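Chains as they are written, first to last, in this note's numbering: chain A, 1 to 799; chain P, 1 to 294; chain R, 1 to 161.
Hints were generated in silico from the structure; no laboratory data involved. Quick caveat: nothing in here was measured; it's all calculated off a predicted structure. Even glycine gets a Cβ: it sits at the ideal position worked out from N, Cα and C. A couple of the hints might just be wrong.
Some chain P residues flagged as far from chain A (calculated, every beta-carbon gap over 10 Å) [what the hints assert, rightly or not]: (1) A67; (2) A162; (3) D194; (4) N268.
These stretches of chain R come out as covered by chain P in the derived footprint (C-beta under 8 Å, 3 or more residues) [to be verified]: (5) 58-67; (6) 141-147.
Among the chain A residues that face chain P by a calculated CB cut under 8 Å, a handful are [claimed, not checked]: (7) F242; (8) D244; (9) T663; (10) Y732.
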Amino acid sequence: MSELPRKNLLHISRKRWVKEDKRFVSGTGNYVQDQAPVGCKHVALLPSPYPRARILSIDTAVAEALDGVHAVLTGEELARHTEPIIQGLNLPNVICYPLALGMTRYAGEWVAAVAADSVHIAEDALELIEVEYEPLPAILDPELAMAADGPLVHPEHGSNVLFQGKFTWGPVAEDFTSADQQLSFRARWGRSATVPIETFGVLASWHEGTETLNIWASIQMPKYAELTATALRIPLDNIRVFNDVDVGGAYGVKRGIKHTVLSGYLSRKLGAPVRLIEDRMVNLASGDAHGPDRIFDTEIAFTNEGIIKSLKIRALDDAGAYPGRGPFQLAKPISAITGPYRINSVHYEAISITSNKCGQVPVRGFGQAPTNYMIETAVDKVAAALGLDRFEVRRRNLICKDEFPYMIPSGTEYDSGDYHTVLNKVLDISNYDTLLKRRKWLRSQGMLAGIGVATCLEPSGGNTMFEYLMNPSAEITTFMESCQVRIDSHGRITGIIGNSSSGQGHETMVATILGEEMERAPEDIRIIHADSRAGFPTVAPVASRMAIMLGGAAAGAARKLKDRIMQIAGHNLGRPVADVEYEGGAVYDRTDPARKLTWQDICFIAHNQGHKMPDGLEPGLQTYHVIKVPNSGKLPDAQNRVQLYPCFAFQAHIPLVQVDPGTGKVTILEYYIGHDCGTVINPNIVRGMVIGGVAQGIGAALYEKFAYNPDGQFISGTLADYVMPSVFEVPYVEDVEHCTPSPLTSHGQKGTGEGGYLGAPAAIASAVNDALAPRGFSIHELPMRMADIEELLNGGENT
Amino acid sequence: MKAAPFEYLLADSIDGVIAELANSGDNAMIIAGGQSLVPMMAMRLARPALLIDVNNIQDLQGIDDGADGIRIKACTRQSEALASPIIKKRQPLLAKALPYVGHAQTRNRGTVGGSIALGDPAAEIPLVATALDARVTLQKKDGTREVPIDSFYDGPMMTTRAADECLSAIHIPQWQEEGRLGTGFQEVSQRHGDFAIVSAAAQILIGKDGVCRRAAVALGGASGFPLRIAATEAVLTGNPVDKKVVAAAADAVDNAIDPQNDLHASANYRRRVAKVLVERVIKEAALGAEEESP
Amino acid sequence: MTPRKITLTVNGKTRSSSAEPRLTLLDFLREHLSLTGTHVGCEHGICGACTVNYDSVPMRACLIYAVQANGHEVETVEGLCNADGTPGPVQEAFQEAHGLQCGYCTPGILISVTALLRATQNPSDKEIKEGIGGNICRCTGYAQIIDAVHLAAKTLKGTSA
């Protein structure tokens with residue numbers, strides 16, 4: 001239950017149906033693949049069979065002649081007419097086009113595209129394209145890729161290192177020298193992603209008469225229109241992105257720039273709408289949507305009491321052939337590089353490597369989940385080294401509630417928190433003593449059994465300052481959001497937001513906040529998604545930012561409107577604004593409460609009766625508000641210290657797992673999570689995000705891996721190979737809430753969109769290692785698949 | 001992922017099917033449940049010029065109970081087999097395995113015959129058929145033959161069915177000997193409902209003297225096709241199923257199998273887990289036999 | 001290759017169109033009959049987003065060719081709504097429990113759940129898992145889906161004679 005006094009809130013924190021759910025349960029969502037305009041052409045993509053090869057020739061003549069085919073596109077034509085797609089880092093010699101140009105750099109990379117009357121015909125045509133390749137040795141191992149000699153993925157770049165930076169915050173050397181003990185370990189986060197059930201798709205339709213490229217896409221991407229406009233060499237306002245497209249899950253990965261550039265180009269060329277929907281094989285192999293693929297080498301300095309003084313971290317990440325914004329996933333976690341702990345100093349080396357694999361994309365948490373996994377592994381190792389209880393070590397290191405706001409060594413200040421209380425709450429709902437007994441009983445039955453723990457942060461609110469740490473030419477300190485609100489002449493409130501949604505319930509969240517501010521029923525408030533040309537500043541729903549930023553913008557706009565309403569009412573009641581009271585949308589004279597103006601009165605006056613309006617006030621009732629990221633706007637200082645995200649939600653996970661010693665199979669028997677995201681705007685939405693995140697975290701921990709064989713062939717090509725958890729693999733997660741409001745936001749809300757994904761992999765790893773510990777084994781590589789665990793347990797024996 | 005073009009024929013009789021197969025040979029494929037075939041066609045790994053649909057043929061539906069065993073017609077849905085009181089009573093090993101076959105939605109369409117005909121080395125129904133000495137009925141224009149299951153599988157998803165033959169039924173014989181029957185079925189898969197990485201099936205008959213009279217033990221996923229482990233059965237037969245015998249029976253697996261590496265597991269994993277599962281299914285079967293009323 | 005006339009009953013109404021044999025029932029429903037509520041997730045039978053009730057039992061529409069469905073009965077998520085298009089009782093239970101987020105897997109889940117509740121009035125957690133085990137959801141982590149199914153069972157029981 002929220003700690004914020006209920007009586008102060010009308011609508012926020014109350015259980016409420018999520019508006020969006022109605023269209024989804026009715027099967028009337030508006031997904032991009034539901035749109036098929038007349039004359040639409042459909043795209044199929046020809047994959048490269050080699051991880052690295054020169055393209056010697058492409059013969060498209062036979063394919064072009066097939067009945068129903070309208071275009072067969074190759075990299076050469078596209079490169080003549082479009083700009084390379086901007087990558088996130090400053091990499092002028094890493095060139096990325098939607099179709100391979102001269103060389104293919106990963107197995108599955110798109111070599112040609114066909115536009116035809118149907119996907120069926122387009123795929124028939126793919127089989128008629130003849131490509132001659134010269135296969136070359138591939139770069140598949142990120143550590144080997146760093147070597148000075150050896151093949152280069154992008155020869156003009158001169159090496160396979162896209163970024164290498166070192167950051168030292170605080171007295172690291174002294175802390176290590178003075179520490180009682182040190183230890184070091186390697187942990188590996190395997191290549192996976194929060195793959196959605198809906199693949200990426202885009203419908204592009206060039207309208208020559210208005211010189212507009214209309215785009216409907218399953219998108220969740222900052223600067224989507226900007227990047228597309230730049231690549232297609234057309235003015236930004238020639239692009240209109242429709243944001244009322246329902247996105248079937250994104251969790252970071254729906255970026256689709258190359259798909260959009262390709263489709264946009266084809267649409268202009270053909271004078272027809274062009275639709276590109278990834279099929280599942282393309283989605284997995286070549287959508288450029290693989291997540292972090294990271295090796296952490298970490299050293300910890302700590303006292304005999306288990307107090308962690310300092311961390312030295314080297315994070316080496318394989319960003320694939322076309323890195324996009326992927327590498328920034330090394331820098332964003334700097335916002336919580338010390339986790340929820342009181343750690344004095346940190347040395348952090350971040351290295352981004354290119355390889356002959358599919359490109360990387362931001363995944364839910366933007367690098368925080370792998371980093372939390374590494375930090376929690378460190379804490380568990382300290383506990384093990386000292387023979388201390390893992391919960392006790394955490395208690396000793398967790399920042400206390402009276403220490404907030406708390407500045408971490410890298411310059412980010414955590415806004416608020418009460419970590420110990422949340423930890424106690426989850427221990428409570430887990431019936432921890434009973435959990436211990438269950439573990440004991442399972443072990444007595446011959447099973448391996450373990451309890452895991454993870455306490456970690458969800459940085460929320462967004463702030464792209466981390467880009468500057470990896471690319472100083474990008475001095476970007478703005479990551480704003482806005483909301484427009486209007487009340488029409490019938491008294492209906494409409495909120496207008498500038499981006500798409502993928503299940504987070506933004507319409508409900510904004511309606512709730514507007515309803516709260518205006519004291520009107522959220523059910524009666526309509527929220528619409530404006531297209532990208534409607535003219536107000538927005539970024540995408542990334543970075544766990546919408547409750548904070550969009551919520552804040554909505555609150556700001558509502559407060560402005562309320563002021564206006566008060567002014568109109570005061571003027572018509574003949575009272576100064578200070579003497580009138582707003583209640584439920586009506587305004588009454590405090591000195592004589594029988595005198596009032598109703599909501600309908602005020603709306604009618606505003607829209608129709610200029611003679612009753614105060615001087616200087618605009619007619620109508622509409623406004624918008626743009627907000628800045630709280631606690632933002634500064635560049636890093638000389639030590640690269642800077643405030644990254646503004647708000648920090650907290651979660652504590654406790655799973656109970658069993659491991660079958662004969663087969664290595666892990667079964668999660670029970671799962672408990674305590675979470676604190678400040679003020680909860682909609683309890684069902686928050687619970688959904690938290691538990692949904694846990695399920696994806698289970699996938700990353702135990703099942704999901706984008707695998708390449710030693711020849712560089714992609715071998716996780718279907719959902720039979722890239723396996724995602726079903727209801728059988730996810731226990732019914734029991735959750736408990738706590739509320740430590742943020743002092744920085746409109747109603748104390750923090751972000752929770754990344755949810756349990758940020759801590760579940762760490763918690764499950766903790767549990768599996770607790771299960772393996774009696775046998776003297778540990779595993780520090782994700783995913784921890786059955787075969788890996790069994791190999792660890794039994795592989796050493798002579799069979 | 002759209003299939004390559006094909007022509008379609010909805011057959012109304014087995015005769016119709018085999019007449020068409022005689023004409024088209026390699027260019028035609030039969031579609032029953034399609035749960036494995038349609039994905040292969042979507043990926044263009046299978047590209048028949050003609051698809052012969054057998055879902056409408058009554059003679060291919062149903063389960064017959066006979067004194068010497070049961071006969072499952074090829075197009076019987078896996079869901080029907082799962083719900084069948086005949087199978088529950090007469091072939092409990094098959095009843096145990098069926099819940100592991102895919103999911104409810106795939107069992108509603110997938111067929112027993114289709115699974116047998118595909119011969120995936122990790123599939124549950126071929127494994128049980130192998131354990132129980134099933135016989136496969138193959139019909140073609142020139143006539144009908146019955147093939148014992150151990151001559152039916154040739155390699156991973158390779159069978160001795162000719163291109164012009166239609167699999168019309170499988171016969172699973174009943175064990176006629178006196179004694180208490182016990183069955184065991186275990187599999188290891190990534191997730192519930194996935195194809196097994198390794199699977200094991202066992203059926204044993206314990207005599208009044210507590211000695212194993214007859215044993216059938218088979219492994220899936222440990223070789224190119226489901227395999228009876230004769231050496232394991234030999235250890236069990238004629239002995240009480242005690243700890244020592246079970247261990248020896250499991251050890252005998254080693255030399256009989258030829259597991260492969262793949263994305264999901266190494267050959268060594270399969271080898272070790274095969275032994276673990278064999279031990280477990282034997283124990284499960286022994287326990288089951290003990291609990292069965294004499 | 002040669003387009004065939006396909007006539008089938010969808011959500012109680014007779015529907016007809018012509019399609020080549022390789023068109024799946026899924027694509028046929030979506031493109032020929034404009035019933036876009038059934039979604040495309042993988043086209044190889046794993047994710048369950050395309051689940052429809054076919055002759056009253058839940059199946060993957062991506063694994064049936066439309067020509068095969070000639071003469072058969074199909075129920076899609078649109079058919080679960082009331083006659084006026086408003087959500088039916090199972091759908092409302094999902095709204096109440098927020099057993100969805102992005103909505104993409106939801107139609108398949110609703111069909112599987114509807115079939116489950118028709119066969120089993122008061123399903124246990126185990127039976128619910130068996131019923132939806134073939135439908136993957138990436139958003140919810142399943143807890144609120146399970147809550148929704150229990151709620152739907154209760155609601156349906158309350159309204160049955």
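*Hey, does the Y732(A) contact hint survive, CB to chain P under 8 Å?*
violated (15 Å)
*Per-residue hint verdict: D244(A), partner chain P, C-beta under 8 Å*: violated (28 Å)
*Taking the least C-beta to C-beta distance, is F242(A) closer than 8 Å to chain P?*
Violated - the Cβ of F242(A) stays beyond 8 Å from chain P, reaching only about 27 Å at its closest.
*asked:* Holds or violated: the hint that T663(A) contacts chain P, with Cβ atoms closer than 8 Å.
replied: Hint on T663(A): holds, closest Cβ of chain P at ~5 Å, below 8 Å.
_Tell me whether the statement that chain P covers the region 58-67 of chain R is true, taking a Cβ distance below 8 Å and needing three residues at minimum._
That given contact holds, which follows from 8 residues of the region 58-67 of chain R lying within Cβ reach (below 8 Å) of chain P.
*Given as covered by chain P, does the region 141-147 of chain R meet the bar of three residues or more with CB within less than 8 Å?*
Not satisfied, violated; 0 residues make the cut.
*Minimum Cβ separation between A67(P) and chain A greater than 10 Å?*
holds (39 Å)
*Please confirm whether N268(P) is truly not at the interface, meaning its C-beta sits more than 10 Å away from all C-beta atoms of chain A.*
violated (7 Å)
_Is the claim that A162(P) lies outside the interface with chain A correct, judged by CB distances over 10 Å?_
holds (29 Å)
*Say whether it holds or is violated: D194(P) keeps its Cβ farther than 10 Å from all Cβ of chain A.*
Per Cβ check, D194(P) is inside 10 Å of chain A; nearest 7 Å; violated.
Going down the numbered hints, you'll see the structure goes against 3, 4, 6, 7, 8, 10, while the others check out.
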